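Peer 1: These protein sequence lines map, in sequence, to chains A and B.
If you read the first sequence in the working numbering, its first letter stands for residue 1, the second for the next number, and so on.
If you read the second sequence in the working numbering, its first letter stands for residue 1, the second for the next number, and so on.
To be clear, the hints were calculated from the coordinates, so they are not data collected in a lab.
Just so it is clear, the structure is predicted and the values come from calculations on it, not from any experiment.
Glycine included, every Cβ here is placed at the ideal spot set by N, Cα and C.
Any given hint might turn out to be false.
Claimed, not checked - Calculated pairs, DSS-like style, for lysine-lysine (alpha carbon to alpha carbon, straight line, at most 25 Å):
1. LYS87(A) - LYS140(B)
2. LYS140(B) - LYS127(B)
3. LYS287(B) - LYS90(A)
4. LYS90(A) - LYS127(B)
5. LYS140(B) - LYS227(B)
6. LYS224(B) - LYS90(A)
7. LYS255(A) - LYS87(A)
8. LYS255(A) - LYS90(A)
9. LYS255(A) - LYS227(B)
10. LYS87(A) - LYS287(B)
What the hints assert, rightly or not - If we take Cβ atoms under 10 Å as the criterion, some of the chain B residues that face chain A in the derived model are:
11. TYR14
12. GLY17
13. ILE79
14. ASP90
15. ASN97
16. LEU105
17. LYS108
18. LEU180
19. TYR286
20. LYS287
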Amino acid sequence: MSVVNLPGMWAIYRAEMARTRRTVLQSVATPVLTTVLYFIVFGTAIGSRMHQVGGVGYGAFIVPGLIMLTLLTQGISNASIAIYFPKFTKTIFELLSAPISSLEVVLAYVGAAATKSIMIGLIILVTATFFVPVRIMHPGWMIAFLVLTALTFSLFGFLIGIWAESFEQLAIVPSLVVTPLTFLGGAFYSIDMLPQPWRTVSLFNPVVYLVSGFRWSFYGVGDVGVGISLVFILAFMALCLAVLWWIFRTGYRLKP
Amino acid sequence: MSPVLSISAVTKTYKSGQTALHAIDLAVEKGEIFALLGPNGAGKTTLISIICGLVSMTSGRISVDGHDIITDYRAARGIIGLVPQEISLDIFATVENTVQFSRGLFGKSANPAYIEQILRDLSLWEKRGARVNELSGGMKRRVMIAKALSHEPDILFLDEPTAGVDVNLRRDMWDLVRRLRDRGVTVILTTHYLEEAEEMADRVGVIDRGRLVLVEETATLMRKMGKRRLSVTMQQRMTAIPPALSGWPLRLEADGERLVYEFDANAPDTGMPLLLRELAAAGIDYKDLETGRSSLEDIFVGLVESGV
């Protein structure tokens with residue numbers, strides 16, 4: 001047996017991507033449709049009466065935020081269901097009995113969930129170009145933020161999937177925590193537009209940093225410096241990895 | 001021969017404080033068919049789950065073909081196949097895909113010819129393109145076995161393999177176990193269908209309330225603990241055992257129609273000829289005689305009740 005179980009990781013990754021293909025309407029069409037609706041309502045109907053934000057038309061301004069919002073929710077929901085479902089159907093016994101390390105399992109599941117999120121993010125980006133003029137000033141940074149955010153929030157979703165013991169718990173974090181944070185995270189506005197004390201409060205919202213960094217890679221303007229955004233997302237990733245390391249070391253909610 | 005599975009002083013206490021296993025020691029030889037017997041909740045599944053990595057042990061050490069299951073888990077798990085008691089499958093995958101998935105998960109490169117062979121052996125080949133949720137319960141169980149064999153394991157664990165299984169599948173399963181044994185695969189199974197252990201297993205381990213109370217070759221166990229019985233069907237019914245026969249450990253069955261005598265199968269003198277002579281002397285006519293051997297079930301009940 002080699003040091004790394006590549007066939008095992010590949011098997012998980014492929015099985016997850018096959019699941020995506022089986023549920024292509026739900027996985028891809030739904031987020032795209034939702035985004036199109038956002039463009040119609042915010043970008044065209046309301047946006048036509050809005051001033052420019054940071055030198056960018058409102059319709060174009062919300063594009064990076066919308067992509068980020070989709071990346072977060074998709075990464076979390078894909079990865080959490082991917083590991084929760086085997087727990088629920090008990091097929092997880094096979095993962096636990098296989099000669100594959102915890103890290104390899106995580107990489108395969110998170111990799112698949114992130115791949116799917118990135119694909120959807122790119123589809124939304126392409127869709128957006130039909131509605132508003134989008135330009136990308138720093139494509140390298142754009143890709144970096146896209147990949148890092150997809151990976152980090154897929155990792156976060158994986159944690160939720162391991163923690164959850166019921167479908168209700170599975171839904172509770174995304175709906176009660178993540179959705180408010182994304183809506184208040186500057187996807188539809190610049191936090192400069194908020195009155196005090198909300199502007200300061202917003203700085204405690206992690207999503208602000210993600211949206212800001214991502215928007216900077218498009219238009220060269222952000223609510224906070226791009227370096228801070230990058231540090232933040234790396235720190236959040238490190239936190240998720242640390243929790244995951246603890247979970248696998250103790251067998252929390254996996255091994256009695 | 002060195003054991004292919006060696007378990008030493010393995011204990012398991014769950015977080016609830018319940019102790020499922022008390023210092024289990026066991027060695028299973030390569031190519032053996034070993035049956036773990038015990039009532040529900042005795043700890044059979046816990047023991048298997050620990051060996052296979054599903055449950056962590058509280059203390060002790062287990063090695064599989066010389067590989068420690070904790071420090072060298074890749075090598076150890078790579079040669080183990082597990083068919084758990086409960087059917088749990090990705091119901092949306094096809095039969096062929098889910099079996100290939102298992103092979104990949106265990107680190108083996110694809111081998112379509114081998115997978116085809118397994119699916120044919122288990123009468124699944126015609127169904128290879130079907131989704132798992134379209135299959136009957138028996139077929140799903142066959143898929144579970146195919147998955148466990150997909151990576152060519154040297155040791156196969158079958159947890160209650162025939163619980164709720166029809167006659168055909170049961171027969172196919174035992175044929176398969178024999179074929180595997182011929183190839184040198186070690187098979188460890190749990191069951192409470194005791195006649196199966198008697199028929200299939202080279203050795204039997206009896207587990208009760210988390211303790212391995214006995215490990216013995218099946219034949220030796222039968223010889224050592226086995227009782228034989230003589231039942232005499234009489235011409236006339238009897239209401240009580242006649243005083244002339246009061247020295248014999250006899251009992252009446254079938255409404256006084258049958259007289260049953262149990263004796264030690266290994267005793268040099270069974271006493272049968274003498275009993276028959278005394279029956280004749282007492283004027284008791286009989287129309288049929290039948291002798292039999294006690295099953296493993298009787299032995300097991302005896303063991304557990306005596307609290308060995």
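Peer 1: State the violated hints by number, sorted upward, taking the hints as numbered earlier in the document.
Peer 2: 3, 5, 6, 9, 10, 12, 18, 19 and 20
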